[in-house]
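*Asks:* Spelled out from the first residue to the last, the chains are:
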Amino acid sequence: MVMAVKELGTLHSVGKGIPRLDADEKVRGLAQYADDLNVPGAWYGFVVRSPVAHGRLRGLKKDPGFDWSQVVVVTPEDIPGNNIVDLMGRDMPFIAHDVIQYLGEPVALVAAASRHLARVAGSHIRADIEELPPLLTLQDMVARYKEDPAQLHELASQTIRKGDTEKALSEADMVVEQEYSAGHQEQLYIEPQGMVAIPESDGTMFIHGSMQCPYYINPELCETLDIPPEKLRVKQSAVGGAFGGKEEFPTLLAGYCALLALKAKRPIKIIYDRNQDILYTTKRHPSWSRYRVGVMKDGTIHAIQTEFLLDGGAYTTLSPVVMYRGILHAAMGYRCENVAIDGHVYRTNTFPNGAFRGFGAPQALWAWESMIDELAEACGMTPHEFRLKNCLHQGDSTPTGGILRDSVGSPTVLEKTLERANFSEKLKQCSHGRRGEKKWYGIGLSFFAHGSGFTGDGEARIKAKVALDLEPGDDGKPVVNVRVSSTEMGQGTCTILPQVAADALSIDIRHTAYPMPDTFKVPDSGPTVASRTAMVVGSTIFSAGKKMKAELEAFVSAELFDGQPVVLEQDRFCGSYGDKEMSFEEAAAQYLSRKGSLRVYDQFKLPEFIKWNQKTFEGDAYPAYAWGCNVAELEVDTLTFEIRVTRVTSYWDIGRLLNPVLAKGQVEGGLVQALGYAMLEKIEIKNGKYDADRMQTYVIPTTLDIPEMDLHFVEFPYEHAQPGAKGVGEIPMDGLAPAIANALVQATGIRMRDLPITPEKLFQMMHEEKTA
Amino acid sequence: MAGWNERVTDLSIASTMTFDDVACAFPASLQEALELMADEKTRGRLLAGGTDLMVQWESGVLAMPERAVSVKALPELRTIEETEADVIIGASVTHMDIRRSPLTQKHVPSLVDAAATIGGFQIQTMGTIGGSVANASPAGDLAPSLMITDGAVVLASVRGEREVPITAFWTGYRKTDMQPDELIVRFRLPKMPEGYREAWRKLGPRQAQAISKVMGSCRGCVEGGVVKSFRVAIGSVAPTCVRLYDVEKWIEGKKLNEGTLAEAEKRTSDSITPIADIRSTAEYRKWVTGRIVRGFLEQFADQ
Ligand SMILES: Cc1cc2nc3c(=O)[nH]c(=O)nc-3n(C[C@H](O)[C@H](O)[C@H](O)COP(=O)(O)OP(=O)(O)OC[C@H]3O[C@@H](n4cnc5c(N)ncnc54)[C@H](O)[C@@H]3O)c2cc1C
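The listed protein sequences correspond, in order, to chains A and B. Just so you know, the first sequence maps onto residues 1 to 772 in the numbering used here. Just so you know, the second sequence maps onto residues 1001 to 1303 in the numbering used here.
Careful, some of the hints might be misleading.
What the hints assert, rightly or not - Stretches of chain B that chain A covers, calculated by requiring three or more beta carbons in the stretch to come under 8 angstroms of a beta carbon on chain A:
#, region
1, 1201-1207
2, 1279-1286
3, 1291-1302
What the hints assert, rightly or not - With a straight-line Cα cutoff of 30 angstroms, these simulated BS3-like cross-link-like pairs (lysine-lysine) come out:
#, chain 1, residue 1, chain 2, residue 2
4, B, Lys-1286, B, Lys-1175
5, B, Lys-1106, A, Lys-438
6, A, Lys-439, B, Lys-1286
7, A, Lys-761, B, Lys-1266
8, A, Lys-61, A, Lys-686
9, A, Lys-438, B, Lys-1255
10, B, Lys-1286, A, Lys-686
11, A, Lys-439, B, Lys-1255
12, A, Lys-689, B, Lys-1175
13, A, Lys-438, B, Lys-1249
14, A, Lys-439, B, Lys-1266
15, A, Lys-438, B, Lys-1286
16, B, Lys-1286, A, Lys-689
17, A, Lys-389, A, Lys-416
18, B, Lys-1254, A, Lys-438
19, A, Lys-61, A, Lys-263
20, A, Lys-686, B, Lys-1175
21, A, Lys-438, B, Lys-1266
22, B, Lys-1286, A, Lys-770
23, A, Lys-605, A, Lys-521
24, B, Lys-1266, B, Lys-1286
25, A, Lys-770, B, Lys-1255
26, B, Lys-1228, A, Lys-438
27, B, Lys-1286, A, Lys-761
28, A, Lys-297, A, Lys-389
29, B, Lys-1254, A, Lys-439
Unchecked claim - In silico contact screen, one side only, chain A against chain B (beta carbon under 10 angstroms); selected entries:
#, residue
30, Lys-61
31, His-116
32, Gly-122
33, Glu-684
34, Arg-694
To be clear, the hints were calculated from the coordinates, so they are not data collected in a lab. Think of the CB as a built atom: it goes at the ideal place given N, C-alpha and C, for glycine as much as any other residue.
The shape of chain A in the complex, shown without the other chains:
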């Protein structure tokens, strides 16, 4: 089913499990993370925070007994420009000056020569706050929503409408209604947030640190610092994991550092410790979904009506787009002509929730793929029969009326996973809470798509720009440098992009390199988010590489091979008369010595036929979708109700595999993160504060918790973005939680509709069932 791809050429690097190009320096401990950066003269910054979740700031008091001459303090009056963090909403200040919206909101910044002194100074500043009642939890938010949404502060909303859902619900043979919820999830990257701001003598502010998106910080900070974009330089240091947690948040940290640096007139460094990092950075949005779905007796889905709510935390930040991705996945994957979706984000008084691998899709799919099993049951069908009957095929239309034109891994991934896992046979062996057994066995299914690239009009607006530079490398030999703002954060960007560039040029990957992004040196290829880098940036590099190849071939033909036609293939320029040949290295060196370095630009263009209405949410929400299917098997210890996922079987269509080893790593890691989301990770709010604030209390899976994984890919390359990748970063996070919940039903008869799935909840629900 793999399609013919135009002008692809032979692939020598793409498709191979080339070892990560950054592996050596990371294994040897040479990589420079933010905390490793040795910045002479740097002071340490510290953020003084509100100790209450909601209130009105009356003023700040500084301890008159403290020696303030040894430190620098920044308050809103010191901000040269506007005290606004310019994300989607312009409602968040860098430093609170009026209303306090969350516990931990900055009220002042302090810097001193040592980290310790900065902290001590911070404890000598007190915010005088008139407390107001806070809204803290998803539960309270949903309770108010059910009572009267007008009581809530709405940060964003959006609808999707297809067909006539109310009418269709009245026509349906059965209407099934259910609610699902999930809480916060912390990214828990290994390297905590860290940043340095260095004021340079020419007035440039140089921001260097741990981040996913250098071009978020520039321009976002320019308004606050009141400097032109060309005076704000942003460079990424080695990043020890991000998972979305270093998408929008680093702008805040860069702002704190830069504001202190301006006043102190020296470099400022802030490195969060784990406690600060958990308490005062973004998390996955807690979510609540309510479905009313009309089905017919024969098992067709006739109408889907759903509300999807996100707890946005204190400010708008990126929440609208997270909600958009949520609603775009909330009814995805199955045929239905009548769909009505309402998405809302409401304010609560916690740290603003933000980007996290999956970006709203895991929340939506947790509910939707649980609901699908409940619908199957209502129709008297097995989970797989119901999915096979309703799932989307090539040519079908999505909830927004987009057409699945090509590269459609459905139903292939579903069929193959079912077969591989022997699902229908094993389903019959499930325990259903039978008495007298030591272990209960269950198997569960989930099937899902993940939109590749930015949601809606995002790619059209950003128009990712890339450059390839042929220039002398450190060793003087010619090298093709991939110049993009797309970052390496552990996921493999710095390996796959050179692979693509090498194949576009038809050269050996050793002639390519990926220098760390620096906004003074790279064009804006967009942020490293939304599973977009392999598809969008990769394909733009591919076409830039083709351009560079043509340019070099023309050069060799005209200047070295007497005008005969030349092709560059497998690292060699060959003249068509058969008498001349030259290695890439030699010819490129000739080019450099005669013409100097060569820069080739390119820019991403969506195919013409991709149409999207950002107001009504109609059309092609994404240029393409990756597809996945998970089968989870689990055992419940009937003595203690401990639940162990023993095996996950899955197939994935992520388009063309650029690097199968890295792709598998993404899937394995994503599934482990999804396992944590499903079964372990939880944060409750006690006295306005997250109760899990350390690695001791925020529990993620260890290697011993990881089930056996049987993972496979099927390739449906995306023809309109060669070499045809669709993105693998997020989809592994999307579907495991519902597969586990669905397996738990087969094991115990209990349906869990709130994450995480724990023995405590199973006990409580078993107990309630018994006493009911």
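With the hints as your guide, set chain B with the ligand onto chain A.
*Replies:* Then chain B with the ligand, alone, in the frame of chain A:
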């Protein structure tokens, strides 16, 4: 809380001292350590592996002391020995030492199983039995296996040595019977008698690096389906690890069948009043403790 502002929000600024400010003494012998502890001017916080202390200091749960006295390397505290009746374990013996010793494996097997579930290899290599017991956390994983031996903690000071029954050593949540000038030198643990068995069960949120929600150990002997002897201790369900004397007494002499197992389970649950915390709920703990004890008895009955 040394700061001027009492309402600081970060654990990190709760303490304005750093570990560099702590003067740490490294006595060469037990006698020297006892002498340091005897004098208020030289006395310091006892420091063994530091796996509890470093965390508590860093997070501000405990204020950093001016002085510390390191006992980890004292040779007198590093041995595992036996007498006819007992296994003698030095206070600075690590969890890894306990796992590897043939003496502990043979005579106090549930202690070995418990040690194997503590943290990960790094913690097992640094953390000590003395530190775990003196830390007096109800979630200390070694506690139940120590309690079911009916053994003793041996304390020493310049005034001499004294033995405290393990069952009386913890006097409340993070409280012990130790005097300020005393330190734990060793544990005297009666060996498991011939024909007896021990069992260990830990429920944590995950498979490793897990603080127990509930854990317990038992030592006992079942012959012909009848319980000859049964001692059971459970941790993480009360301010200290607890022995379930009433359940022990009730089950002894009974034949194990569904009726007695169910009754033992119920009596266990009824005998404790655990609390809810970040790791688990009160209701689950109460129920699952009964289940664990039932599981122990079933395991013994299977033999
Ligand atoms: C990552 C991690 C995971 C962990 N996992 C577990 C786990 O799964 N299960 C578990 O039970 N524990 C666990 N712990 C806790 C800890 O490792 C144990 O409690 C350990 O045994 C403490 O021993 P230590 O030698 O490190 O004690 P230290 O930290 O040195 O001291 C602890 C206390 O004992 C006192 N003390 C030390 N030696 C003596 C002595 N000879 N006499 C009197 N007082 C003394 C100290 O003053 C202090 O109050 C974990 C800790 C960490 C950091």
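*Asks:* Could you run down the list of hints and mark each one as holding or not?
*Replies:* Quick rundown of the hints versus the structure:
1. As drawn, the region 1201-1207 of chain B meets chain A at 4 residues by the rule of a beta-carbon pair under 8 angstroms; at three or more, the given contact holds.
2. Coverage of the region 1279-1286 of chain B by chain A holds. Counting CB-CB distances below 8 angstroms, 4 residues qualify, and the rule asks for three or more.
3. As drawn, the region 1291-1302 of chain B meets chain A at 4 residues by the rule of a beta-carbon pair under 8 angstroms; at three or more, the given contact holds.
4. The hinted pair formed by Lys-1286 (chain B) and Lys-1175 (chain B) meets the criterion: a straight-line CA distance of about 23 angstroms does not exceed 30 angstroms.
5. Distance check on the hinted pair: Lys-1106 (chain B) and Lys-438 (chain A) sit about 29 angstroms apart at the alpha-carbon level, within 30 angstroms; holds.
6. Restraint check for Lys-439 (chain A) and Lys-1286 (chain B): satisfied, since their Cα atoms lie roughly 21 angstroms apart, inside the 30 angstroms limit.
7. For the given pair, Lys-761 (chain A) sits about 20 angstroms from Lys-1266 (chain B) by alpha-carbon distance, which is consistent with the 30 angstroms threshold.
8. Our distance criterion of 30 angstroms between C-alpha atoms is met by Lys-61 (chain A) and Lys-686 (chain A), whose separation comes to about 27 angstroms.
9. For a cut-off of 30 angstroms, the pair hint linking Lys-438 (chain A) to Lys-1255 (chain B) stands: about 22 angstroms separates their Cα positions.
10. With a C-alpha separation of about 23 angstroms, the suggested pair Lys-1286 (chain B) and Lys-686 (chain A) falls inside the 30 angstroms cut-off, and the hint holds.
11. Using a Cα cut-off of 30 angstroms, the hinted pair Lys-439 (chain A) and Lys-1255 (chain B) holds, with the two alpha carbons roughly 25 angstroms apart.
12. Restraint check for Lys-689 (chain A) and Lys-1175 (chain B): satisfied, since their Cα atoms lie roughly 28 angstroms apart, inside the 30 angstroms limit.
13. The hinted pair formed by Lys-438 (chain A) and Lys-1249 (chain B) meets the criterion: a straight-line CA distance of about 27 angstroms does not exceed 30 angstroms.
14. Our distance criterion of 30 angstroms between C-alpha atoms is met by Lys-439 (chain A) and Lys-1266 (chain B), whose separation comes to about 21 angstroms.
15. Proximity of Lys-438 (chain A) to Lys-1286 (chain B) is assessed by CA-CA distance (about 20 angstroms); at most 30 angstroms being required, the pair is judged to hold.
16. Between Lys-1286 (chain B) and Lys-689 (chain A) the CA atoms are separated by roughly 28 angstroms; this keeps the pair inside 30 angstroms, and the hint holds.
17. Taking the CA atoms of Lys-389 (chain A) and Lys-416 (chain A), the gap is about 15 angstroms. The hint holds against a cut of 30 angstroms.
18. In summary, the hint linking Lys-1254 (chain B) to Lys-438 (chain A) is supported, as the alpha carbons are separated by about 24 angstroms, within the 30 angstroms threshold.
19. Restraint check: the Cα-Cα separation between Lys-61 (chain A) and Lys-263 (chain A) comes to about 20 angstroms, which is no more than 30 angstroms; the hinted pair holds.
20. With a C-alpha separation of about 26 angstroms, the suggested pairing of Lys-686 (chain A) with Lys-1175 (chain B) holds against the 30 angstroms cut-off.
21. Using a Cα cut-off of 30 angstroms, the hinted pair Lys-438 (chain A) and Lys-1266 (chain B) holds, with the two alpha carbons roughly 19 angstroms apart.
22. For the proposed pair Lys-1286 (chain B) and Lys-770 (chain A), the alpha carbon gap of about 17 angstroms is at most 30 angstroms, so the pair holds.
23. With a C-alpha separation of about 22 angstroms, the suggested pairing of Lys-605 (chain A) with Lys-521 (chain A) holds against the 30 angstroms cut-off.
24. Distance restraint check for Lys-1266 (chain B) and Lys-1286 (chain B): the Cα-Cα separation of roughly 10 angstroms lies within the 30 angstroms cut-off, and the hinted pair is therefore satisfied.
25. Between Lys-770 (chain A) and Lys-1255 (chain B) the alpha-carbon distance is near 29 angstroms, which keeps this suggested pair within the 30 angstroms criterion.
26. Among the hinted pairs, Lys-1228 (chain B) with Lys-438 (chain A) is consistent with the structure: their alpha-carbon atoms are about 26 angstroms apart, no more than 30 angstroms.
27. Annotation: proposed proximity of Lys-1286 (chain B) to Lys-761 (chain A) holds, straight-line Cα distance about 14 angstroms (limit 30 angstroms).
28. Under the criterion of a C-alpha separation no larger than 30 angstroms, the hint pairing Lys-297 (chain A) with Lys-389 (chain A) is consistent with the structure, at around 13 angstroms.
29. As the CA atoms of Lys-1254 (chain B) and Lys-439 (chain A) are separated by approximately 27 angstroms, the hinted pair is consistent with the 30 angstroms bound.
30. The closest approach between the C-beta of Lys-61 (chain A) and any C-beta of chain B is roughly 9 angstroms, which is under the 10 angstroms cut-off, so the hint is satisfied.
31. Hint on His-116 (chain A) holds. Least Cβ distance to chain B is approximately 6 angstroms, under the 10 angstroms limit.
32. The closest approach between the C-beta of Gly-122 (chain A) and any C-beta of chain B is roughly 6 angstroms, which is under the 10 angstroms cut-off, so the hint is satisfied.
33. The interface hint given for Glu-684 (chain A) holds, since its Cβ lies 8 angstroms from the closest Cβ of chain B, which is under the 10 angstroms cut-off.
34. Evaluation of the Arg-694 (chain A) hint against chain B yields a held restraint, the C-beta minimum of about 7 angstroms falling below 10 angstroms.
Against the hints set out earlier in the document, no violation occurs for any number.
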